[in-house]
Amino acid sequence: MRKLEPRPATLKDAAFHYCAGCGHSIAHRVIAEVIHEMGIADRTIGVPPAGCAVLAYNYFDVDMTEAPHGRGAAVATGIKRAFPEGVVFTYQGDGDLAAIGTAEIIHAANRGERITAIFINNAVYGMTGGQMAPTTLLNMRTTTSPAGRDARREGYPIRVCELLAHFDGACYIERTAVNSPRNIRRTKKAVRKAFQTQIDDLGFSLVEILSPCPTNWKMKPMDAWKWIDEVMSVQYPIGVIKDTTGDTSDNAG
Amino acid sequence: MRKLEPRPATLKDAAFHYCAGCGHSIAHRVIAEVIHEMGIADRTIGVPPAGCAVLAYNYFDVDMTEAPHGRGAAVATGIKRAFPEGVVFTYQGDGDLAAIGTAEIIHAANRGERITAIFINNAVYGMTGGQMAPTTLLNMRTTTSPAGRDARREGYPIRVCELLAHFDGACYIERTAVNSPRNIRRTKKAVRKAFQTQIDDLGFSLVEILSPCPTNWKMKPMDAWKWIDEVMSVQYPIGVIKDTTGDTSDNAG
Amino acid sequence: MLVKTLFAGFGGQGVLMMGYCVAYTAMLEGRHVTFMPSYGAEVRGGTANCTVTISTAEIASPVASSPENVVVMNQPSMERFQHHVRTGGALIINSTMCEREPVRKDISVHAVPATRIAEELGDIRAANMVLAGAFTRLTHNVSLEMLLDAVGDIVGRKRAHMLELNHRAIIAGHEYFDLKKPAKKRKD
Amino acid sequence: MLVKTLFAGFGGQGVLMMGYCVAYTAMLEGRHVTFMPSYGAEVRGGTANCTVTISTAEIASPVASSPENVVVMNQPSMERFQHHVRTGGALIINSTMCEREPVRKDISVHAVPATRIAEELGDIRAANMVLAGAFTRLTHNVSLEMLLDAVGDIVGRKRAHMLELNHRAIIAGHEYFDLKKPAKKRKD
Amino acid sequence: MKAKERKRAHITINAEECKGCCACVEFCPEKQIGVSKKLNTRGYFPAAVNGVRQRCTGCAVCQVVCPEMAIVVVRDG
Amino acid sequence: MKAKERKRAHITINAEECKGCCACVEFCPEKQIGVSKKLNTRGYFPAAVNGVRQRCTGCAVCQVVCPEMAIVVVRDG
Amino acid sequence: MGKKQLLRGNEAVGEAAVRAGCRFYFGYPITPQNELPEYMARRMPEVGGTFIQSESELSAINMVLGASVTGARAMTSSSSPGISLKQEGISFMAAMELPGVVVNIIRGGPGLGNIAPAQSDYFQATRGGGHGDYRTIVLAPASVQELADLTHDAFDLADRYRTPVVILADGMIGQMMEPVEFRKPVVDALPEKSWALRGARNRRSRFIRSLILDVDLEEEHNWKLYRKYQRIQNNEVRWDEFMTDDAATAVVAYGTAARIAKGAIIRAREKGIPAGLFRPVTLWPFPMKQLKRLAERLKTILVFEMSTGQMLEDVKLAVEGAAPVEFHGRPGGVIPTPAEVLRVISRVHGRAAKAKQDKPG
Amino acid sequence: MGKKQLLRGNEAVGEAAVRAGCRFYFGYPITPQNELPEYMARRMPEVGGTFIQSESELSAINMVLGASVTGARAMTSSSSPGISLKQEGISFMAAMELPGVVVNIIRGGPGLGNIAPAQSDYFQATRGGGHGDYRTIVLAPASVQELADLTHDAFDLADRYRTPVVILADGMIGQMMEPVEFRKPVVDALPEKSWALRGARNRRSRFIRSLILDVDLEEEHNWKLYRKYQRIQNNEVRWDEFMTDDAATAVVAYGTAARIAKGAIIRAREKGIPAGLFRPVTLWPFPMKQLKRLAERLKTILVFEMSTGQMLEDVKLAVEGAAPVEFHGRPGGVIPTPAEVLRVISRVHGRAAKAKQDKPG
Ligand SMILES: Cc1ncc(C[n+]2csc(CCOP(=O)(O)OP(=O)(O)O)c2C)c(N)n1
Ligand SMILES: Cc1ncc(C[n+]2csc(CCOP(=O)(O)OP(=O)(O)O)c2C)c(N)n1
Ligand code: SF4
Ligand code: SF4
Ligand code: SF4
Ligand code: SF4
Ligand code: SF4
Ligand code: SF4
Ligand SMILES: [Mg+2]
Ligand SMILES: [Mg+2]
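Order-wise, the sequence lines are chains S, A, R, V, X, W, C and H.
Here the first sequence stands for residues 113 to 365, where the numbers follow my numbering.
Here the second sequence stands for residues 113 to 365, where the numbers follow my numbering.
Here the third sequence stands for residues -3 to 184, where the numbers follow my numbering.
Here the fourth sequence stands for residues -3 to 184, where the numbers follow my numbering.
Here the fifth sequence stands for residues 34 to 110, where the numbers follow my numbering.
Here the sixth sequence stands for residues 34 to 110, where the numbers follow my numbering.
Here the seventh sequence stands for residues 12 to 372, where the numbers follow my numbering.
Here the eighth sequence stands for residues 12 to 372, where the numbers follow my numbering.
Bound-form chain S, shown alone:
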């Protein structure tokens, strides 16, 4: 008889405060598994965002520090430059990274900072109650786009991976999702590769994770998970967007 322990050692023994079916929970576990399996828990520093994952330090059993909303990439830059042996990752929502933190993530990517950004794209501001995010799809209703996002008024959904791929300092960029066993496994591989990119001193890495927010999408969890396949990943195609690591063996996901 062999129990498969679902909780990696790098996760504290605390129940997640996230909503039912929320992708943050799965993303947390996947990252924790990678940290555990890579044996880097004792040199990892995480930078959680302002966002639903603001309390991520209650879950990850590694050193963590807060950053002001959107400034994760700058904080991580400071950490990494002062502690180059460390493995430094930011964990950022779409509001955090693609709205208020636009300049920070772009310039960190352009400098090729040896950090890894885990970018949770749930197409809304989760924590503050479902406002429009830069990644909100066209016609999607949110509390601040009550008539549905209108390109003319509110602009277009931003493809962060493709945008950051533009920068020479960005080395490894992949988009995944956490809405199916296959995508979850793919996410894990991507996170591992992103960390490895950093450890190998190659440049900036980012994994965008399409992540369900059933609460603010006003869907049942499984409808939200399906919506990622059916709608969201059309705007945000899953796959490796950029890889200049030289190692492309894992890219099939």
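These aren't lab readings, by the way, just hints derived from the structure by calculation.
Take the hints with a grain of salt, since some may be wrong.
[Unchecked claim] Once the Cα atoms are required to be at most 27 angstroms apart in a straight line, the calculated BS3-like pairs of lysine-lysine come out as:
no., chain 1, residue 1, chain 2, residue 2
1, C, 14, R, 154
2, V, 154, H, 15
3, W, 70, A, 301
4, S, 124, H, 204
5, H, 204, C, 310
6, C, 303, H, 282
7, C, 15, R, 154
8, C, 300, H, 300
9, H, 327, C, 235
10, A, 301, W, 71
11, H, 195, C, 327
12, C, 327, H, 303
13, C, 327, H, 327
14, S, 330, X, 71
15, H, 14, H, 195
16, A, 354, W, 70
17, W, 71, A, 338
18, H, 14, C, 367
19, X, 70, S, 338
20, H, 282, H, 310
21, S, 330, X, 70
22, A, 332, W, 70
23, C, 303, H, 310
24, H, 14, V, 154
25, C, 239, H, 327
26, C, 303, H, 300
27, V, 154, A, 330
28, C, 300, C, 327
29, X, 64, S, 338
30, H, 365, H, 327
31, C, 300, H, 310
32, A, 330, W, 71
33, X, 64, S, 115
Every value quoted in this text rests on a predicted model; they were computed, and no experiment measured them.
Following the hints, complete the assembly by docking chains A, R, V, X, W, C and H with the ligands onto the known chain S.
Just chains A, R, V, X, W, C and H with the ligands, lined up with the frame of chain S:
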């Protein structure tokens, strides 16, 4: 006998304070000529930057308002939304637009704000005395990259036009220069088309102008002008980068 | 006279709407009233609560550490908030969703099978209105008639079906205690 | 004793270096000294100036609205700054670059063809050092010997050629007034 | 492989940690999991193993998708 | 066209506004412009028309490139 | 006179702004003020106005600046950390003499803090958290009704004095619902703004700027602003007193703290303690003279804030030693109770009475 | 003891920081402090440190925050508008109890203002321009030598109290060159920081945060910070007095204004006016008791600032009416002259003397 008046009516009768051979002077004149020729002086509002052109309101004979460093695109957004009949342009340096103002210009472009950004790329912070800009070329020495810009430490020169072309709200984007009669004429056409794009309510437009800064490049003016052809425009190729106006007749420059 | 009531339950049970209707009623009655929702990270947990304060004079604080009345729509809220009720105060319970009994003995406890009643009326989402009706009956804090009026304003008289359902739920809640013998330690 | 001197000229004429050398000399002499460059948007205009204050006591302010001495390297600076010289003060002029005469009559004016002398020494960029030499001779504000020492520190003794040029320029400036009859209203 | 997967296993679901998202229900290839009719104390209808006899292969898909780590797979073999 | 360009014109340079950048010198197709040996009051060596007799075509290139708008082209024809 | 509506504070701000002629709202989400941008997102399209959820608070304040330049009435809102990000923009607007309304629904700080009500941004609001010699008018409502009223006034004051106006409330007032009546008439036509930029049509072009390189002119501009601020201090001070006529002890408190204190004072009176309330409504200009005048009649002053003591300094500056000043503070998002404040009043009053006994005459 | 060097203020900061063990500088250009980042760009690579010209001031302060989290000594610098942009980050660092040094070389404001020296960011620095109940230590040098010394001390203070320290100077001190001697020993080993994050090796993981959702815990954190600030007020006040022993009139001034005032006071003494100088070196904690003590011996106090009057409030709070307080201000970048200040001293002193005459005994 016919005098060709060099000073368009939309320029005040004041000598420029710019250094000898500086591109700002030419850019100013070209923009003023376009405003004059299009007959829009009475509904144009300009937003000069913090930068060498901070005093641009001393030259342009149209309504102008200051913006905090880097926030031109946000200020212009406020103006244009409140005064949609207006023709609103920002005039921004590379520090202003591509460093501190990164988020503002990106989101204005993404929203497709009906404004025109005139982006003066001189690869340095002119006003503050020649520090590195996001557009500084690799190996170029500046006061804050005294050993020459090193990609590992300071990141890569950012191609603003190509970056902004990524956004669906950006409608017309062209890169020109003001270092030769031909390029100056091309710049004029580009500025006119950018304004027209705005007037036709098509979306965001931007003209990047490669502009000599002999003082901080530590070159004689004509060497600086040549350097644009020989070095700078290799990194920043001149041409139409994006045009979804439907009107491509002028694109040859 | 100043009376505070805390309404609590899972998110989605219409707790805030219940409190809002009561507060709105008090406004129609010309009284001073405040409605204070709990807000914050708790929302993630799926519970919600709000405090309604009704008074004949200006209200100093819209929050309550020990309200006169507590209305709870489920077991976890009952467990937590029974301890907040002021001694001698009233605890109104949606008994369909509460298995255990409250432990407090120094307050009056009123159990209403609100969810079941609502189900019988055709929509379990009306359980909150059943409790609101019971609340008027038990506390006399606001009048039944005005509550019916208030809900008319709030739901909108055009949505006749919804309105009718809500009205019936309120009346059912109100009348529940007429059909039933008084609760232990019941007081008006 | 507190003496302020303003040095002015086009950017590129080495005005700031001239002031810096004088200030450095004063430091070596163990005096209180401040060196205040003009900074700001003016730089675009291509002119530069700085103020050196040398004193036996603490210096209250490093700026000067009416300095004792003004050293100007060109015509526009002369036009502008002659008016700043304190009555009875000294105006030292690079006469090669100044066509007109100053209008002030209540100050002593000393003309040195600094650019021409520097040219004769082989490098017009040494004009500033000629003036620095003249400055020591005319004001006795700092000593010639210490100035030579200071320039040694600043230019670096390894750059022998540069240093020698500068030394020769300083001495030429210093000696210029020995060869020449005293300026009108000259005072030590 | 197929044979191996078919070998006996079972799962336990922590009904108090479960939030009833139904991911396990949705993705279990053997349709082993359903939803309980009883609310848990946090107000969710938790997942529950279907019926009495399990045909669980121990594939752990349920565990992979469970956001709450509420499922433990026990491979009996 | 060529013939037309050849027609007589001349330019005037405002020596006080000129900053001596030499753009006109560089780009005048007829090499009509040189640099003065006399500093102007702002400290620049201004541009000056070469020699006595001008062979200016009035093409206005100098005017287009002059950052200071210090050149006025006068077409004599 | 409208009819009463039961409105959340944040929504009351929005509706009052619309009624005051505000047609441009730019903001970024942050708890506990989200209902305001959300209200504006629904409401602005109805009245032909513009709502933009900007990419950051920084952008928002600069969009306000831009809209204001054209003469429009514009506003932004946020809560503490987001307001810190607006300080540069506010300083620019003050310098450029641009009207505009900035709402701060304060939460617990410093840093991320929490989302509970607090009053710890008093210094930032009243001293100018931005750089340079400037002040902003700061209005501090104590109820949703007053929040609505002051929002309307904020636009008028901003236009009258060409200066940004800050509404300083807290999470409680923002989140709470109370009956509100919109008493002020709807503004149809905005005041004429001869300085606004809408294109140089039939007039010479002009510009608006804060850069004044000439130090003498910049000094002049600073003193010009200073004189304006003095005018505001002379004309726009607002405050409220409750039972101060015969009070021996006065609580000085604003906003939420003031309404809690009022509850405590009523109970204190019932217990025979002659307590009263002095409530500044404008935090800047602070009612200096008014408080001084009152202090001269008092035995003690109790400053009560939901912070570790910020308005305290203004009270001391006002009172100038005329009465002893005591302090009770509850920072961090705690909502104190009237009962607690009553205890403090009793203690402070008791001490003052005893002191008097000890030194008779 | 090093030998004297003729250094520009901005460069002296840089070298002093390096000697104090600072190996991380993050900043963004702005006049009049550009020579500091430029110095660091050259110097940091020489000592194995890091210089980053960040994309903005906001990023810079957050990079400092990040480096500080690891236990490193880090600094940033800017001038007025750029400092406004750092307020959110400073509030976070205060809340997270992270050391760090922020240099503000003030220029004329508000808004873009100009690049001339000013003292108009006093409020922002001493009251916390950011949100929440926090303070930063504020050091105000009056010479390049003192600027170097205080820079060194700033790092020690920041580490000792785990709090950001602000160096508040102005364009004159930043731009001016004076002889400097680096007197403090070079720091080779940084103080042990048991709280720093460098990976959970042989210990449990931990985190640093400012979010404290529980209001009671957040209140506790606020009072904890408050007690720390009181400790700083008790232990770290610095000030300087000149000729105050027998003074009837004291000028209270800091930084550049103080050195100008000193010149004026020397001349006043020559004219027989018994004037002295009280110069706060720490603006926060302000030398309250020390000034009060002095005030009790004085006829008048003249507050002299290169602003429209900000420290003035602290002086009034300190003096508590013990002596009349007069003010002379020169905002906007004007550098006043000793002669001008002398005139004001004479006038103020004359008035006080006359007042005494009028009311003899
Ligand atoms: C400066 C600042 N502005 C705003 C906020 C409020 N805020 C907290 S999280 C958040 C956005 C959350 O959205 P996202 O980043 O997409 O994360 P999610 O919750 O969706 O995972 C906002 C606006 C803040 N804390 N600080
Ligand atoms: C918030 C803020 N930070 C910094 C500055 C200082 N500053 C003024 S202009 C400028 C950059 C100038 O460079 P660029 O934008 O490239 O314009 P250029 O002068 O080269 O035309 C900077 C950093 C400022 N005014 N405000
Ligand atoms: S609000 Fe959305 S993102 Fe936040 S915890 Fe709930 S489901 Fe997840
Ligand atoms: S510094 Fe450069 S950009 Fe600025 S005016 Fe001079 S040449 Fe032009
Ligand atoms: S292990 Fe596989 S078969 Fe067994 S319950 Fe889980 S998903 Fe179903
Ligand atoms: S996946 Fe986990 S949380 Fe979701 S229903 Fe299954 S056991 Fe419950
Ligand atoms: S008009 Fe043409 S030919 Fe004549 S001077 Fe100018 S460039 Fe030369
Ligand atoms: S182009 Fe204009 S500024 Fe340049 S040298 Fe010729 S005339 Fe002078
Ligand atoms: Mg999100
Ligand atoms: Mg530039």
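Practice problem: Measure nothing beyond the straight line between the CA atoms of residue 14 of chain H and residue 367 of chain C; if it is 27 angstroms or shorter, mark the hint as holding. | Solution: violated, 64 angstroms
Is the hinted pair residue 330 of chain A and residue 71 of chain W satisfied, with a Cα-Cα distance of at most 27 angstroms? Within the cut-off at roughly 23 angstroms; holds.
Practice problem: Decide if the proposed pair is consistent with the structure: residue 327 of chain C and residue 303 of chain H, CA atoms, cutoff 27 angstroms inclusive. | Solution: holds, 15 angstroms
Pair hint residue 303 of chain C and residue 300 of chain H, alpha-carbon separation not exceeding 27 angstroms:
Status holds; Cα separation ~24 angstroms.
(request) Sort out whether residue 300 of chain H lies within 27 angstroms of residue 300 of chain C, counting only the CA atoms. (result) Given that 27 angstroms is the threshold and the Cα spacing comes to 26 angstroms, the pair holds.
Review point. Has the given pair, residue 64 of chain X with residue 338 of chain S, been kept, meaning a C-alpha gap of at most 27 angstroms?
Key: Holds - the C-alpha atoms of residue 338 of chain S and residue 64 of chain X are around 18 angstroms apart, at most 27 angstroms.
CA of residue 204 of chain H to CA of residue 310 of chain C, is that 27 angstroms or under? Violated - the C-alpha atoms of residue 310 of chain C and residue 204 of chain H are around 49 angstroms apart, more than 27 angstroms.
message = Against the 27 angstroms threshold, does the CA-CA distance of residue 14 of chain C and residue 154 of chain R hold or violate the hint?
response = The hint holds at about 21 angstroms.
Given the proposed pairing of residue 300 of chain C with residue 310 of chain H, does the C-alpha separation stay at or below 27 angstroms? holds, 25 angstroms
Given the hint that residue 239 of chain C pairs with residue 327 of chain H, test it: the Cα-Cα distance must not exceed 27 angstroms. holds, 23 angstroms
key: Agreement of residue 300 of chain C and residue 327 of chain C with the hint, judged by alpha carbon distance not exceeding 27 angstroms   = The given pair, whose Cα atoms are some 12 angstroms apart, holds under the 27 angstroms limit.
_Can you confirm whether the C-alpha distance between residue 154 of chain V and residue 330 of chain A stays at or below 27 angstroms?_
Since the Cα atoms of residue 154 of chain V and residue 330 of chain A sit roughly 25 angstroms apart, the hinted pair holds (cutoff 27 angstroms).
Violated hints for the displayed structure, listed by number in ascending order: 3, 5, 6, 10, 11, 16 and 18.
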